[in-house]
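> Chains as they are written, first to last, in the working numbering: chain A, 1 to 282; chain B, 1 to 297; chain C, 1 to 378.
These are computed hints drawn from the structure, not numbers from a lab. Check each hint, because a few of them may be wrong.
Computed far set for chain C versus chain A, every beta-carbon distance over 12 Å [what the hints assert, rightly or not]:
(1) Arg38
(2) Arg39
(3) Gln120
(4) His182
(5) Ser230
(6) Glu234
(7) Pro357
Lysine-lysine pairs mimicking DSBU-like chemistry, simulated, CA-CA at most 35 Å apart [claimed, not checked]:
(8) Lys178/C with Lys189/B
(9) Lys178/C with Lys296/C
(10) Lys232/A with Lys84/B
No residue lacks a Cβ here, since even glycine has one placed at the ideal position from N, Cα and C.
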Amino acid sequence: MRARGLFTRTALVLGLMFLYLPILSMIVFSFNNSRLVTVWDPAHSPTLKWYVALMSNEQILRAAWLSMRIALISASAAVVLGTLAGMALARLGAFRGRMLLAGMTTAPIVMPEVITGLSLLLLFVAMQQLIGWPKGVGAVTITLAHITFCMAYVTVVVQSRLSGFDEALEEAAMDLGARPLRVFLRITLPLILPAIASGWLLAFTLSWDDLVITQFVAGPGSSTLPMVIFSKVRFGVTPDVNALATIMVLIVATGIAISTVWMRYRQQRRVRDLQLAALANL
Amino acid sequence: MRLTTASGRRLVAGIPILWLLVLFLVPFIIVFRISFSEVRLAIPPYTPLLTWRHGSPVLQLHWSAYRFLFTDPLYISSYLYSLKVAAVSTLCCLGLGYPMAYAIARSDAASRPVLLMLIVLPFWTSFLLRVYAWIGLLKNNGVINNVLMYLGVIHHPLALLQTDFAVYIGIVYSYLPFMILPLYANLEKHDGTLLEAAADLGARPLRAFVRVTLPQSFAGIVAGALLVFIPAVGEYVIPTLLGRTDQIMIGRVLSDEFFENRDWPVASAVAIVILLLLVVPIMLFQRLERRELEAAR
Amino acid sequence: MNAIPAAADPDSAYVRIANLTKRFGDFVAVDDVSLDIRRGEIFCLLGGSGSGKTTLLRMLAGFELPSAGTIRIDGADMSAIPPYERPVNMMFQSYALFPHMSVEKNVAFGLEQEGLGREQIRRQVGEILDIVKMGGFGARKPHQLSGGQRQRVALARALVKRPKLLLLDEPLAALDRKLREHTQFELINIQQRLGVTFIVVTHDQEEAMTLGSRLGVMNHGRIAQIGTPSDIYESPATRFVADFIGSVNMFEGRVSDDGADGLRIDCTELGCTVRAPRTASCTRGATVWTAIRPEKINISRQPPAAAGQPGPAENAVRGTVREIAYMGDMSVYLVQIDSGSMMRVTLPNVMRGAERPIAREESVWLSWHGSSPVVLTE
Ligand SMILES: Nc1ncnc2c1ncn2[C@@H]1O[C@H](COP(=O)(O)OP(=O)(O)O)[C@@H](O)[C@H]1O
Ligand SMILES: [Mg+2]
Numbered sequence: 001m002r003a004r005g006l007f008t009r010t011a012l013v014l015g016l017m018f019l020y021l022p023i024l025s026m027i028v029f030s031f032n033n034s035r036l037v038t039v040w041d042p043a044h045s046p047t048l049k050w051y052v053a054l055m056s057n058e059q060i061l062r063a064a065w066l067s068m069r070i071a072l073i074s075a076s077a078a079v080v081l082g083t084l085a086g087m088a089l090a091r092l093g094a095f096r097g098r099m100l101l102a103g104m105t106t107a108p109i110v111m112p113e114v115i116t117g118l119s120l121l122l123l124f125v126a127m128q129q130l131i132g133w134p135k136g137v138g139a140v141t142i143t144l145a146h147i148t149f150c151m152a153y154v155t156v157v158v159q160s161r162l163s164g165f166d167e168a169l170e171e172a173a174m175d176l177g178a179r180p181l182r183v184f185l186r187i188t189l190p191l192i193l194p195a196i197a198s199g200w201l202l203a204f205t206l207s208w209d210d211l212v213i214t215q216f217v218a219g220p221g222s223s224t225l226p227m228v229i230f231s232k233v234r235f236g237v238t239p240d241v242n243a244l245a246t247i248m249v250l251i252v253a254t255g256i257a258i259s260t261v262w263m264r265y266r267q268q269r270r271v272r273d274l275q276l277a278a279l280a281n282l
Numbered sequence: 001m002r003l004t005t006a007s008g009r010r011l012v013a014g015i016p017i018l019w020l021l022v023l024f025l026v027p028f029i030i031v032f033r034i035s036f037s038e039v040r041l042a043i044p045p046y047t048p049l050l051t052w053r054h055g056s057p058v059l060q061l062h063w064s065a066y067r068f069l070f071t072d073p074l075y076i077s078s079y080l081y082s083l084k085v086a087a088v089s090t091l092c093c094l095g096l097g098y099p100m101a102y103a104i105a106r107s108d109a110a111s112r113p114v115l116l117m118l119i120v121l122p123f124w125t126s127f128l129l130r131v132y133a134w135i136g137l138l139k140n141n142g143v144i145n146n147v148l149m150y151l152g153v154i155h156h157p158l159a160l161l162q163t164d165f166a167v168y169i170g171i172v173y174s175y176l177p178f179m180i181l182p183l184y185a186n187l188e189k190h191d192g193t194l195l196e197a198a199a200d201l202g203a204r205p206l207r208a209f210v211r212v213t214l215p216q217s218f219a220g221i222v223a224g225a226l227l228v229f230i231p232a233v234g235e236y237v238i239p240t241l242l243g244r245t246d247q248i249m250i251g252r253v254l255s256d257e258f259f260e261n262r263d264w265p266v267a268s269a270v271a272i273v274i275l276l277l278l279v280v281p282i283m284l285f286q287r288l289e290r291r292e293l294e295a296a297r
Numbered sequence: 001m002n003a004i005p006a007a008a009d010p011d012s013a014y015v016r017i018a019n020l021t022k023r024f025g026d027f028v029a030v031d032d033v034s035l036d037i038r039r040g041e042i043f044c045l046l047g048g049s050g051s052g053k054t055t056l057l058r059m060l061a062g063f064e065l066p067s068a069g070t071i072r073i074d075g076a077d078m079s080a081i082p083p084y085e086r087p088v089n090m091m092f093q094s095y096a097l098f099p100h101m102s103v104e105k106n107v108a109f110g111l112e113q114e115g116l117g118r119e120q121i122r123r124q125v126g127e128i129l130d131i132v133k134m135g136g137f138g139a140r141k142p143h144q145l146s147g148g149q150r151q152r153v154a155l156a157r158a159l160v161k162r163p164k165l166l167l168l169d170e171p172l173a174a175l176d177r178k179l180r181e182h183t184q185f186e187l188i189n190i191q192q193r194l195g196v197t198f199i200v201v202t203h204d205q206e207e208a209m210t211l212g213s214r215l216g217v218m219n220h221g222r223i224a225q226i227g228t229p230s231d232i233y234e235s236p237a238t239r240f241v242a243d244f245i246g247s248v249n250m251f252e253g254r255v256s257d258d259g260a261d262g263l264r265i266d267c268t269e270l271g272c273t274v275r276a277p278r279t280a281s282c283t284r285g286a287t288v289w290t291a292i293r294p295e296k297i298n299i300s301r302q303p304p305a306a307a308g309q310p311g312p313a314e315n316a317v318r319g320t321v322r323e324i325a326y327m328g329d330m331s332v333y334l335v336q337i338d339s340g341s342m343m344r345v346t347l348p349n350v351m352r353g354a355e356r357p358i359a360r361e362e363s364v365w366l367s368w369h370g371s372s373p374v375v376l377t378e
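Bound conformation, chain A alone (with noise of 0.2 Å):
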């Protein structure tokens, strides 16, 4: 047992390490002065040089509007049409066209991007042909591909934070004499509030961070910000990079530790329901 306990416990902590140490390296060569990127050059660091770039780059910055206007409008379409994915698959039973939406819910998310991109750019050529919409391809194809492979894992969290809750919860609302507009509104929705939430946290992070089908559906002076910074990093290390990383890190830091603090909060408060309703049973 405690041999086992040893080795899985190496593996987790060799594992984590694995996962960090890029992250860190690029956070602590941000400071770096040399253009080598890779050389730490003691003489003249740490530095902010690099940041001063990357506030002063035109293109990194017009590219980070755009994709942060893309990932809010995907999100939050990606956030109503994978709730209604979601409620369809895990309160309405059987219904007919109900095996090709869970499959066509399910498989965005293994599906090769490169093939997502691909069928998406076909599509909107031929639909161009057909009905002369959309005009060309640029911000409006890119924020249609990435609604639609957002919706997908918004579907799955959504239904399985439905499926977690009892049905009956529902139909005791419908029994009291709530129509089923009202039922959503006052039962369904405030129990989903937070799967939702946190699928439009992934489909923002996910459209935010998605090269591969953009690049197939976007058009020129549509550039994203990862299709920006794969052109400059595909010929090799640039610094500013490293610069624009640590910004996100610490971004996505601060939000996490932030709901961490919030969820230890909720947490003691359930302890303490807890232990009113054990005290309820004495």
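Given the coordinates of chain A, work out where chains B and C with the ligands should sit on it, guided by the hints.
Positioned in the frame of chain A, the structure of chains B and C with the ligands alone reads:
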């Protein structure tokens, strides 16, 4: 069960179905169609499938894209190479991910969420940047070589970048959370008393693990392996940034056919053949996923 | 069998279920059930797990559409009425308390849907919470309550709208034994106080007999028998009911005489002739089953008076005690009779430390009164 009125039901299920039909299913049909066309210099750059001759439609199926695929050794070797890379990476992911998931599932309740958070955290930061970080670590004057030379382990830098090794590292690194999470979800549900029962019946720990824990976690292993294997076959970014230049993966082939050669029919045929290779794993994944999502109730 | 008039009088049927059937694919969950329920009664649906009780309730509440048949409540046909417009409320087996709302909010939910004023809602919620003795707990969330408290809140929430019919699906199943017995009587109290008609589903026969003014026994989606608790216990209509409610000794036999003083049944399994009250549907030569309740059998060392006569004994057999189980209030004897079959006999432990109790492996006589056996044809 009538949770909603008939029209409400139709709306709830209908909107996402319609969206996915148009933006997920129809595109595949278009890809399939174009794979049977021939390339031409026009807009769009492929021949139509239906032509009108003497007032009646004529179906023109061209097999040239597929013939091309099976005669030029580049494609076949790329497919095989991609399958190999995906398989090796999946095994490595499993080898590293299983003990990690096991360790988390066996740790005390308070530290489990923290550990899980640590596993998922990198996933929230840019995938592209994390792959990029490996360039800095693996290249000739990169961190790893510098450290090894400083320690005197080696005297000449090792060629790490642009090797199979670098691609394995990149894929394992990027997909590890996808292996760990389903494994953890599975292992966490295991009943600890089963192992005690096995020990009580005289099984040594390793034997108890092989006979009790491992078979029970099979579903988790399959789910995690599929989540890594399927997308890895078509991986584009990792081999492009870290991989060999003399042997490319099929995702890159597809992208090059499309963007560099502007040969849409061949790109489509490449995609269709990838799908054919992956159709069994994808269906398997969907079945597992459905069972998982529906068992939760 | 003459205590309750047959429910043929249409005015007495407050809820009238006619030929109700529910199929899930090929599976028939509820099979041609017809049932009349009177205003103000507690009707208990009793049946094993999977017998279709919940499905029947869900059709009454409007969550499942019947495959065939009709439901009328207080004269109104319910077919086209959605759950949120039915004058019916349900207390769910899982209680289904809204986890994100306080007790007060939970109970108020139904009233809010009716568009009542704030003040009125507050008053009614307060009243009903007092009735279920949950007055001080209005601000708590469901997860801050114990199982018994949740049960009360669920009851209050379902009752506060004063439905014409309250459906309770295994209302006490989640409570431990002591609390359950206590709550049974409280439930009856509340029901009598408010006068609401109850349909209670349960798989626990004791609970059904305590709560119900009448019972319906369900088996494989069908109603096997309807009647008062004593009807069903003393005069079961089928072998299933006899066996399901309480325990019973049942033997196959053949009707040998059909006289004015009752039936005479030859039971080879039992090794004696059974005399039993007449049953309308029995004729000479028919194969029947005789059912005798364990507590209606006497056990003694001496042969009963009637058994001394020559010829085969009537309503008496000899046997050997094989097993004795002391249950506190009574003792159960498993007796192997001379034909080889086993019989179960229960005796109340009236006196402490009786002088010479019957012991294992003792030879005994079992006998019963001629009115005790019930003759069943199906
Ligand atoms: N929605 C459904 N789909 C298919 N079968 C069902 C459904 N609901 C209930 N059943 C089946 O109908 C039978 C009766 O179920 P139920 O009414 O819940 O029984 P009870 O409440 O008496 O235990 C069971 O065999 C159950 O499997
Ligand atoms: Mg039930």
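> Look at each hint and say if it fits the structure.
To see whether the hints hold, each was checked on the structure:
With 12 Å as the threshold on Cβ separation, the claim that arginine 38/C sits away from chain A holds: the shortest Cβ distance comes to roughly 23 Å. Consistency note on arginine 39/C: stated as away from chain A, and its beta-carbon is indeed over 12 Å from all of that chain's, at 21 Å minimum. Once the 12 Å rule is applied to beta carbons, glutamine 120/C is consistent with being away from chain A; the minimum gap is 15 Å. Non-interface call for histidine 182/C relative to chain A: holds, since the shortest CB-CB distance, roughly 15 Å, exceeds 12 Å.
At roughly 34 Å from the closest C-beta of chain A, the C-beta of serine 230/C stays outside 12 Å, upholding its exclusion from the interface. With a cut of 12 Å on Cβ distances, glutamate 234/C stays outside the contact zone with chain A, its closest approach being about 37 Å. Against the 12 Å criterion, proline 357/C stays outside the reach of chain A, whose nearest CB is about 41 Å from its own CB. Distance restraint check for lysine 178/C and lysine 189/B: the Cα-Cα separation of roughly 33 Å lies within the 35 Å cut-off, and the hinted pair is therefore satisfied.
Among the hinted pairs, lysine 178/C with lysine 296/C is consistent with the structure: their alpha-carbon atoms are about 28 Å apart, no more than 35 Å. For the proposed pair lysine 232/A and lysine 84/B, the alpha carbon gap of about 29 Å is at most 35 Å, so the pair holds.
Hint compliance for this structure: no hint is broken.
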